[in-house]
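Peer 1: For chain R, the structure is supplied; the task is to place chain E on it using the hints.
There are 2 protein chains.
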Amino acid sequence: MPRLLDASINRYRGCWVSTELPADSSTFHTDLAHSLALWQADGIKVVWLTLNSARAALIPIAVTHGFDFHHVAGDAVILTKRLQSGAIIPEFANHTIGVGGIVFNARGEILVVIEQHDKHTRPGHWKFPGGAVDKGELIREAAIREVKEETGIIATFDQLVGLRHYHYGQFGTSNIYALCRLHAVNNTITPCPEEIFASKWISPEDYLACDTVIEFNKALLRAALYHHGMPTLEVGDLHGIAPAEYELFAAAR
Amino acid sequence: MPRLLDASINRYRGCWVSTELPADSSTFHTDLAHSLALWQADGIKVVWLTLNSARAALIPIAVTHGFDFHHVAGDAVILTKRLQSGAIIPEFANHTIGVGGIVFNARGEILVVIEQHDKHTRPGHWKFPGGAVDKGELIREAAIREVKEETGIIATFDQLVGLRHYHYGQFGTSNIYALCRLHAVNNTITPCPEEIFASKWISPEDYLACDTVIEFNKALLRAALYHHGMPTLEVGDLHGIAPAEYELFAAAR
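Taken in sequence, the protein lines are chains R and E. Its first residue numbered 972, the first sequence is counted upward by one per residue in my numbering. Its first residue numbered 972, the second sequence is counted upward by one per residue in my numbering.
So that you can see chain R by itself, here it is in the shape it has in the complex (with noise of 0.2 Å):
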């Protein structure tokens, strides 16, 4: 006899499957049909299934009952099958961050480097130290850790002055890069040899009469020295979350 699979419905008339799903294949095979057609009759709008890879076998069979593969979580694929026509199916995450430093010394240079992959295709390319934003990393707290792992320099974050949004990231994800004034706490430049091919302070006017320097970083140098951009604002807990979990930058000055 098939049995219902185990599983919870969130508001939306979801229904979460549970992961505690028959090892053997043709169980899972007969218990998923059973389930479907119960679930349809009930009115529930989309079925999300997750399966790691120790049950990875049960994946082919996922997918002859109709299910499509929505994302990775883990270990784990998820994956999605609508119970009813134009059901509305969230889409995962498709952006990354990254972060620069526009880091300012107390003779009011800035550290600029050039990365080992630039140095031939792109010689000359001055750009601020930086990087991609760890999973559970807010964008100040990058930032900093960008700039002492790529120079050394240990820095104090001070406000974001630009933002740049476009679609060309790695594997067809779409990429945000906050770029943030800091200020250095110290001045011997240690660059890490596996990233950074060139490191150096320079005054800005110096970064800006520069010809291998692109229009883009000279344009955020100006932000940064000229205007005033968005400090972060501290405005209590947030449904819920705490001041200290989450970071917002508003217009401020």
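Quick caveat, the hints were computed from the structure, so don't treat them as lab data. Quick reminder that beta carbons are idealized off the backbone N, C-alpha and C, glycines included. Fair warning: there could be bad hints in the mix.
[What the hints assert, rightly or not] Label-pair ranges, simulated between beta-carbon atoms: (1) Phe1142/E x Arg1116/R: 17 to 27 Å; (2) Ile1125/R x Pro1061/E: 24 to 34 Å; (3) Thr990/R x Thr1001/E: 44 to 54 Å; (4) Asn1158/R x Thr1092/E: 48 to 58 Å; (5) Ala978/R x Asp1089/E: 24 to 34 Å; (6) Ser1056/R x Glu1120/E: 18 to 28 Å; (7) His1198/E x Pro1214/R: 17 to 27 Å; (8) Asp1089/E x His1088/R: 41 to 51 Å; (9) Trp987/E x Pro1094/R: 24 to 34 Å; (10) Trp987/E x Ala1012/R: 36 to 46 Å; (11) Gly1107/E x Ala978/R: 32 to 42 Å; (12) Trp987/E x Phe1168/R: 20 to 30 Å.
Peer 2: For chain E alone, kept in the frame of chain R given last:
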């Protein structure tokens, strides 16, 4: 005789296996084992495997060969296997992007809404219209589209006035919420009944004095009212990407 699977090598010594794969599971099993041994001997660091739903039967075989799920792209799951310990595998997208619009009319009033799903749980939670940035859409386009869809108000983009970042999105994703200042072209609100419970024009003074509005939204309104945010800048092509295909917001004035 097992055959070497067709593949291309990228600049990081990563090997992308062609999607032209044996349909037969047993052939795939022997060909994959043979290929992995040759690639490892050849110094390949990471193998990337794309299996679409028509090849779902090959997924359990890839898993038995030590492949991990990396991400979903359209109809396919992409899996990876390190051939050298410690080899770097870049993370997939982990952020969704949302927008909000602080829309001013010619009388200096702002457009606020109460969403259907807040009407019972957060009564009087007047907020700015907005929603998710679609794949391939720019932030300034999404702000204009969401305001139009939710309220019927046609607006033009002025500047970015705030940015919120946290890690409490759907499916374990992180989220960025970009608040934009817009200017309304028309005045008659036509709310979308599925999404919007209530909508109105309100003076900034009355909004700031309203007890049921959260401090987060008041801080953003003050930013939009009293400070200079980040307009979009045009700085020409960016590494081959035309100005119309990306957006740069930077501190100005």
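Peer 1: Hint by hint, which ones does the structure fall short of?
Peer 2: Those not satisfied come down to hint 3.
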